[in-house]
Every structure is written in structure tokens, then in C-alpha cells.
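**Q** From just these sequences and the hints, can you work out the full model?
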Amino acid sequence: MTLRKATRASDARADPAPMRWAVIIIAIAFLTLFVLVPLLNVFAQALSKGLAAYFAAISNPDAVAAIELTLIAAAISVGLNLVFGVIAAWAITKYEFPGKSLLITTIDLPFSVSPVIAGLVFVLLFGAQGYLGPWLQAHDIKIIFALPGIVLATVFVTFPFVARELIPLMREQGTQDEEAALSLGASGLRTFFCVTLPNVKWALLYGVLLCNARAMGEFGAVSVVSGHVRGETNTMPLHVEILYNEYQFMAAFAVASLLALLALVTLAAKVLLEQHAAKE
Amino acid sequence: MGTTLLWLSLIVLIPLAALFLKTTELSLDRFVRIVTSQRVLHALELSFGLSLLAAAVNLVFGLAVVWALVRYEFPGRRLFDAVVDIPFALPTAVAGIALTNLYAENGWLGRVLAPLGINVAFTPLGIFVALTFVGLPFVVRTVQPVLEDLEVELEEAAATLGASRLTTIRRVVLPAILPALLTGFALAFARAVGEYGSVIFIAGNLPNISEIAPLLIVIRLEEFRYADATAIAAVMLVASFLILLVINLLQRWSERRTGGAP
Chain A
1 MTLRKATRAS
11 DARADPAPMR
21 WAVIIIAIAF
31 LTLFVLVPLL
41 NVFAQALSKG
51 LAAYFAAISN
61 PDAVAAIELT
71 LIAAAISVGL
81 NLVFGVIAAW
91 AITKYEFPGK
101 SLLITTIDLP
111 FSVSPVIAGL
121 VFVLLFGAQG
131 YLGPWLQAHD
141 IKIIFALPGI
151 VLATVFVTFP
161 FVARELIPLM
171 REQGTQDEEA
181 ALSLGASGLR
191 TFFCVTLPNV
201 KWALLYGVLL
211 CNARAMGEFG
221 AVSVVSGHVR
231 GETNTMPLHV
241 EILYNEYQFM
251 AAFAVASLLA
261 LLALVTLAAK
271 VLLEQHAAKE
Chain B
1 MGTTLLWLSL
11 IVLIPLAALF
21 LKTTELSLDR
31 FVRIVTSQRV
41 LHALELSFGL
51 SLLAAAVNLV
61 FGLAVVWALV
71 RYEFPGRRLF
81 DAVVDIPFAL
91 PTAVAGIALT
101 NLYAENGWLG
111 RVLAPLGINV
121 AFTPLGIFVA
131 LTFVGLPFVV
141 RTVQPVLEDL
151 EVELEEAAAT
161 LGASRLTTIR
171 RVVLPAILPA
181 LLTGFALAFA
191 RAVGEYGSVI
201 FIAGNLPNIS
211 EIAPLLIVIR
221 LEEFRYADAT
231 AIAAVMLVAS
241 FLILLVINLL
251 QRWSERRTGG
261 AP
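In order, the protein sequences belong to chains A and B.
For what it's worth, the working numbering labels the leading residue of the first sequence as 1, then goes sequentially.
For what it's worth, the working numbering labels the leading residue of the second sequence as 1, then goes sequentially.
Worth flagging that the hints you see were computed from the coordinates, not collected in a lab.
Incorrect hints may appear among the rest.
[To be verified] Taking CB as the label site, the calculated pair distances span: (1) A:Q173 with B:P207: 35 to 43 Å; (2) B:N248 with A:T32: 28 to 36 Å; (3) B:T24 with A:T32: 24 to 32 Å; (4) B:E156 with A:V271: 29 to 37 Å.
Ideal Cβ positions, reconstructed from N, Cα and C, are used throughout, including at glycine.
**A** Here it is as C-alpha cells:
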């Protein structure tokens with residue numbers, strides 16, 4: 001999703017009233033049934049045994065360990081993808097070079113790859129029976145079934161988010177501002193930090209938020225590489241799965257509700273950022 | 001440029017290359033045998049078939065949603081606009097347990113559907129529901145900017161030439177948003193095919209009945225049957241690349257149409 005500008009209705013588009021009613025009712029019913037009801041269910045189930053039980057569930061040591069691991073892995077992944085997403089967007093929109101459209105397609109690759117396959121490829125590379133497995137074991141480096149593997153898988157699946165938010169905007173902005181700065185004597189780096197970055201700050205912030213939400217919520221890819229060791233290599237989504245499979249439904253929904261809250265905060269931030277961007 | 005390529009290669013290209021490299025370790029004969037075994041074939045059929053169905057549902061209903069959001073005013077429109085993004089932002093595992101709980105026999109919706117003989121949880125129908133959920137934003141968000149930017153002059157011209165509202169929609173508006181519609185459909189389809197987290201809770205996961213392809217890959221991995229896992233993954237990847245290609249072509253077609261519109 002990208003930040004959009006607001007729009008206005010027009011008289012030439014007055015649809016007949018029965019059609020208006022039908023379409024609105026269908027739209028609302030569809031969204032309510034498929035999205036709102038499941039979302040509300042998360043919170044209803046989380047609180048089904050009362051607030052005390054809810055807080056006990058999310059302060060459980062294994063849950064806390066999962067939360068910590070999620071935060072750490074997300075912070076590293078988002079940080080890395082922030083830096084390289086900005087660099088990639090900058091290279092693509094401010095320069096011409098052969099193979100540019102290939103680069104753009106490659107950036108989108110993680111979007112079209114199943115998260116399970118994303119995890120699989122890292123197991124193939126770094127797992128005990130993988131290509132680098134024996135070398136890693138010889139040097140006592142753990143990647144799969146440890147934090148580095150989780151970070152790698154997360155970086156893979158969240159790779160496109162920052163770049164995709166920046167590229168359309170930077171493309172639209174063109175290179176005039178940068179050219180002006182350079183002609184006034186600013187160095188390349190100074191131009192980047194004082195001209196390019198401020199121009200895209202809202203899109204960048206939104207890209208980081210999206211990247212973070214996805215990083216914290218990633219399940220399939222991390223599930224394959226993590227080894228599911230409770231208290232050590234379980235992220236929050238994996239912990240939710242474990243609790244659910246053990247029939248600890250309320251606890252599972254309690255941890256899940258934290259992730260759902262994160263999603264809602266991300267969406268609220270999106271609305272705010274859209275308003276900011278529209279003002280400028 | 002160099003850094004971009006390096007990062008891209010390290011994180012994306014080399015891991016994917018490892019997959020294809022591993023696949024080539026298999027003899028063609030063995031590869032074909034794995035990929036055409038009954039369990040694998042069924043899983044692939046289930047994943048691709050249900051994804052197609054879910055994307056189609058999202059196409060039809062997504063069109064209704066985007067039309068209502070862009071063309072009409074109604075109370076709560078802003079809220080529903082934000083609601084569209086929830087499947088995009090919500091972690092898949094959360095969606096998975098929420099949907100399972102909802103459609104299980106004693107869940108809010110399962111309670112209503114069970115007496116009617118409709119079993120959703122732990123059946124392919126449940127998989128379909130989950131796949132519809134995850135693909136929901138794609139049609140809406142892809143069509144929305146195109147519909148918003150559609151020039152009102154086009155419809156005004158049709159109206160002054162005597163076209164009824166329905167004719168105008170059918171002959172002027174729909175063709176203009178068709179590329180975006182198809183792109184959204186393809187995106188929803190691609191997302192659904194690879195979906196794992198939302199599906200495995202509600203699916204039932206019975207081999208040859210309700211087992212999706214990504215799950216079969218995970219099972220083979222846990223059995224250390226790496227060759228099988230990579231073979232299935234390779235088939236899915238090739239299909240995904242083809243879908244990506246179609247998406248890119250559709251987007252180019254879309255840009256040419258809206259870019260050249262008077």
C-alpha cells in the first residue's frame with residue numbers, strides 16, 4: 001500500500017439509488033464478515049478470562065522471552081533494510097544504468113515468494129545439511145535455529161518494504177532539488193542528508209513502520225529456520241502457535257492481541273502520515 | 001549501486017540460487033517422480049486452485065468495496081477504508097487462530113453455520129476463507145488510485161452522448177480499470193498461493209484432503225527430505241515468477257492506458 005491523496009465526488013457520477021445501496025451494503029458486509037469480525041474475535045478471546053488472566057498470560061516468562069526476541073530481531077532487520085532500502089531507492093530513482101528494471105523486479109521478489117520457501121532457502125544454505133553447514137559447524141557458528149537465522153529470514157521477507165514506499169515518491173520528485181544543491185556546491189553526502197532525505201521523510205517513516213509490522217509478525221519463514229525452542233528461539237508469532245497447539249487458547253490470543261495492537265497502531269500511523277503528506 | 005547489488009545478492013539472489021542449485025542435484029527422473037506423486041500433486045492443486053477461487057472472490061467483492069469507498073459517501077467510510085488494510089498489516093498467525101476460533105463449532109460463526117451443515121474449520125472451505133482474508137487488500141488497493149484518478153470528463157462525455165449510467169460504467173469505467181483489476185487479482189493470487197500462517201491453523205492439514213503445498217514443504221524439511229522440499233519449492237517458485245511476470249506486464253499495460261488517456 002502507498003500513501004494516497006484525497007479525492008472528491010462529482011455530479012456526473014450519480015449512480016442510481018438501488019445500485020448505491022446494493023454496493024454499499026455488499027462492501028460493508030464483506031469487510032465486516034471477513035475482516036472486522038476476526039479482528040474483534042482476537043480481542044474477545046484474549047479477554048475471555050478477564051484482565052488479570054490476560055496480564056498473567058503476557059507476563060509469562062516464555063511470552064516475555066518471545067517478545068524480547070521479536071523486538072531484537074525486528075530492530076536489526078528493520079535497521080538493515082532501512083539503510084539498504086534508502087540506498088536502493090536512491091540508486092534507482094536518481095541514476096540511469098543498464099539493468100535498472102531488472103533490479104526493480106528483483107527487489108519485489110520476496111513479495112512473490114512464499115515465506116516457507118524463504119525460510120527453506122536459508123536452511124539450504126546454512127542448515128546442518130546445507131551448503132555452508134559443515135563449515136559453520138567446524139567454526140561453531142550457529143545460524144539456523146538461532147538468532148542470526150531468524151534475522152536473515154526476516155530481512156529477506158521485509159526487504160522490499162522501504163524501497164517500495166520510497167521509489168514512486170522519489171521518482172515523482174525527480175532530481176531537480178539534488179541538482180540545485182550540487183550546483184550550489186553541496187557535497188554528494190550533504191545533498192543526500194539535507195535535500196533528498198527530508199523530501200521523503202513521511203514515506204520513509206511509513207516504509208519503516210510497515211517493515212517493522214511485517215518483521216514482528218513474520219511466521220512462515222521464521223518458523224522454518226527457528227527450531228521452535230521455547231524461551232530461546234521463539235518469536236511472538238511462533239509462541240502464539242505453540243500456545244494454540246497446546247490448547248492454551250486464552251494465552252495464545254493474549255499474545256496475539258499484542259501483535260494485533262501493533263497492526264492497528266501501524267494503520268493509525270498510516271492515516272496520520274497520509275494527512276501529513278497531503279498537507280505538504 | 002554497488003552496495004545495493006551486494007545487499008540484494010546476499011539476501012535475495014544467492015539464497016534463491018541455492019534453491020535451484022539444490023534442485024539440479026536431483027536427477028530429472030527423480031524430480032518428476034517427486035513432483036507428480038499423488039500427495040504433492042494434490043497439495044499443489046489445492047494451493048493453486050483455492051488461491052484462484054479466493055482471488056476471484058476478492059476480484060468481485062473487492063470491486064464492490066473499492067467502488068463504495070471511492071464513489072460514495074456513507075457513515076464509517078473512513079473506518080472501512082482503514083479496515084481494508086488490516087489483512088495486510090495483521091500477522092498471519094494471528095489471523096490464523098482468529099479465523100479458526102471463529103469458524104470452529106463453538107465459535108461465533110461456526111455456531112451459526114454448523115446447524116446448516118456447513119463445516120468451515122478444518123476443511124478446504126476454511127482454507128478458502130483464510131485465503132480470501134489475506135488477499136482482500138490487493139484488488140482494492142490496486143484499483144483505488146486508478147479509480148480515483150479517472151477523469152470525470154470521460155463519464156460526462158458518455159452521459160451527454162446519451163449513455164445510461166449502467167452503460168457508461170460497463171463501456172467506459174470498467175475497461176479503464178480493467179488492467180488494475182487484473183493486477184490486483186494476480187497479486188491476490190500470488191499471495192494466496194504462498195500463504196502459510198493463516199492457513200495451517202484452520203486447514204485440518206490432512207494429506208490429500210486439506211494439505212497445502214507450503215505445509216508439505218515444511219513437513220518434508222522436518223523429515224530432512226531436503227530434495228523433496230526443494231523440488232516442490234522449485235515448482236512453486238517457477239509458478240510465482242510467471243505470476244510476477246504477468247503482474248509486471250499488466251502494470252505496464254495499465255500505465256500505457258492511463259498514461260495515454262485524454
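**Q** All the hints need checking, so say for each whether the structure fits it.
**A** Hint check:
1. Look at Q173 (chain A) against P207 (chain B): about 53 Å separates their beta carbons, and that is not inside 35 to 43 Å.
2. A hinted range of 28 to 36 Å holds for the C-beta pair N248 (chain B) and T32 (chain A), which are about 34 Å apart.
3. Here the CB-CB span from T24 (chain B) to T32 (chain A) is close to 49 Å, at odds with the stated 24 to 32 Å.
4. For the pair E156 (chain B) and V271 (chain A), the supplied restraint of 29 to 37 Å holds, since their beta-carbon distance comes to about 32 Å.
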